[in-house]
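K.L.:
Place chain B on chain A using the hints.
Just so you know, the protein sequences line up as chains A and B, in that order. Each residue of the first sequence is one higher than the one before, starting from 1 at the first, in full-length UniProt numbering. Each residue of the second sequence is one higher than the one before, starting from 1 at the first, in full-length UniProt numbering.
Derived from the structure by calculation, the hints contain no laboratory data. Any given hint could turn out to be false.
Example chain B residues on the side facing chain A (calculated, C-beta under 7 Å, incomplete) [stated by the list, open to error]:
hint	residue
1	ASN158
2	LEU161
3	ILE162
4	GLN163
5	THR164
6	LEU177
Here a beta-carbon is modelled for each residue, glycine too, at the ideal position from N, C-alpha and C.
Protein chains: 2
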Amino acid sequence: MNYLNKENIEHIAVGASVLASGGGGDPHIGKLMALNALKQYGSITLLSVDELEPDALIVSTGTIGATMVSFEKLANGEESVTACRLIEKYLNRKISAIYPIEIGGINSLWPLVTAARLGVPLVDVDAMGRAFPEYHMTTLSLGTVSASPLAIVDAKLNISLIQTQDNHITEKLARSLCAEMGGTAFLAAYPISPNDAKKSGILGTLSFAQQIGETIERARNTKANIVQTLAALLRGFVLFHGKITKVDQRTVGGFTRGVVYFAGTDKDNGKTFEIFFQNEYLLARSAERTLCTTPDLITLLDEETGTPILTERLRYGIRVVVLGIPANEKWRTARGIEVAGPGYFNYGIDYIPLEERVTSSTRA
Amino acid sequence: MNYLNKENIEHIAVGASVLASGGGGDPHIGKLMALNALKQYGSITLLSVDELEPDALIVSTGTIGATMVSFEKLANGEESVTACRLIEKYLNRKISAIYPIEIGGINSLWPLVTAARLGVPLVDVDAMGRAFPEYHMTTLSLGTVSASPLAIVDAKLNISLIQTQDNHITEKLARSLCAEMGGTAFLAAYPISPNDAKKSGILGTLSFAQQIGETIERARNTKANIVQTLAALLRGFVLFHGKITKVDQRTVGGFTRGVVYFAGTDKDNGKTFEIFFQNEYLLARSAERTLCTTPDLITLLDEETGTPILTERLRYGIRVVVLGIPANEKWRTARGIEVAGPGYFNYGIDYIPLEERVTSSTRA
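Excised from the complex, chain A in its bound form:
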């Protein structure tokens, strides 16, 4: 059992944005809210799954909607609690603990607020091990865990509960509600047991995010190479160095979609790159070849500070280093690639593991 302190929360915020593949929403607001909740409620507890009773009901929370919108529209703090209460009412059971639906930005931090407000611990697991644009894209789905009942609540406390037999349908219904609710909302979903979490969740991701945040801070303090340190910790690869030359993006069907264009810098001078995104970075390529695709992670780091650049923070002129990071093995199955691979997003290419792409590139 861990009591999260101010520093832990700061580190989780940074680390979760590294693991977010560009999505999950701006962590800053989430961090402020989590720090505020810590002050107000005294403590936020992080448990490992093993510390829970076998019959515990654990529920994921997060925001849903285009991250550009959620960045501009502040939450009143009551939404996710209301969503959890609705799940409790529907299941007629008390929630024992909360977990983040994904690792990434605001969606790793809001669950801290929700847990504090509900007076329950946070569990060290999430449903993706990264962030993804749609909420049927979870390793829980791959393990046939139901996303529903799912509760969705907007800033005006309009609420809805969805129950289906198909997580993709649940996602589509929640997405259509979210669009009607003004483009962003809070949800509680995937009510599971500790055993479900162990079997089909991604364990230890909150503490891993914390470790990443700590590693970055230490590297900064010791003037070590942040990018190399992170690549080693994450078993990742530097895909390219570049400067943003153009960002094309728009909000479509509740998502922020677009392409960001880069001119190579440093040893990539003279080359061009582009990254396709839909809330998250999903495909990175140079003029010659594809470098990395979903479900593997694509992480943009500010070249100077090592700060992760999320899709909503893309701006002309920013100099970045782009990391490719291998996805959790659960995503690298046939079913995982079907649910969240490049084919799902209509990129017209097959999934090839990052390591193979990088190695063949090196060989070439």
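P.N.:
Relative to the frame of chain A, chain B by itself:
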């Protein structure tokens, strides 16, 4: 208390389509399902509001979606029961009786099926006194009764519950779910007390629909003039005689919208008319003047048989008599016209009561 028999159900089906202003969905499927439910469950009871206990929970049911779609997509019969059970679970109260959300076609008949399956009576009240395309357009809304909790269920038994403080938001959320559910679904909504029904509902509309059906049958049998008989019963006006020359319609945002064009027949020979509709007929006009607008009713009757022609049955060449029927007085208030008058549908004209339009037309 009335036990509805086969003839009563046939008469309600006909009468409800007269009051539907063209909407409410095809009554034929609803009638077959109601007759089948009568056979299977033995009896369907119709109560007046006064026969209920003061603390009774009564809930409206109906279909939602484009009527063209609902006509093609058969229900499996379990949806509306599931929707009612969800309301009961959410409110933690048993439903005492069921009422139709609107008077019109399938939406006046499905509640009979639901009541029979739930083993509860039907109440002789509805929320509109006619049919309207959107479900915040109820006299209950005018009386500040909440539409929520609203439960919506599709043919695959995907379910959702909505709770808001604003009936228009509830309608929009339900509509977006309906679109995602394939264009048509069942709902249970407006849980009310008998006192709410008396204060803000339209009382006696099911028995009135039955009376209209009986009147048409009697007129047919006695070779009386059906149109004149109906006009007298409904305090209505014959707006024109015509033959359909063109139907422009499409499904937009979950509604069937369009315009139907007529060439005048009989004493209207040589004139042209058009009726704008969105699930329901909303505005009738000749080349010179507006003849009738929502919330007043526009009813098309087959010239030969007196059968009401719903929007989904519009076909080239059909000869009709068009009746204008004054709306219930609850709709003719400033708030009623704001919610369901021609301004809401962007027709760019003010509401003028049907009687005034007809009288000024006669004077001209």
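K.L.:
Now tell me, hint by hint, if it's right for this structure.
P.N.:
Cross-check of the supplied hints:
1. ASN158: holds (4 Å)
2. LEU161: Constraint on LEU161(B) satisfied, holds at 4 Å.
3. ILE162: With a minimum Cβ separation of about 5 Å from chain A (threshold 7 Å), the hint on ILE162(B) holds.
4. GLN163: Because about 5 Å separates GLN163(B) from the closest Cβ in chain A, which is inside the 7 Å limit, the hint holds.
5. THR164: holds (4 Å)
6. LEU177: Since chain A brings a Cβ to about 6 Å from LEU177(B), closer than 7 Å, the hint holds.
Hint compliance for this structure: no hint is broken.
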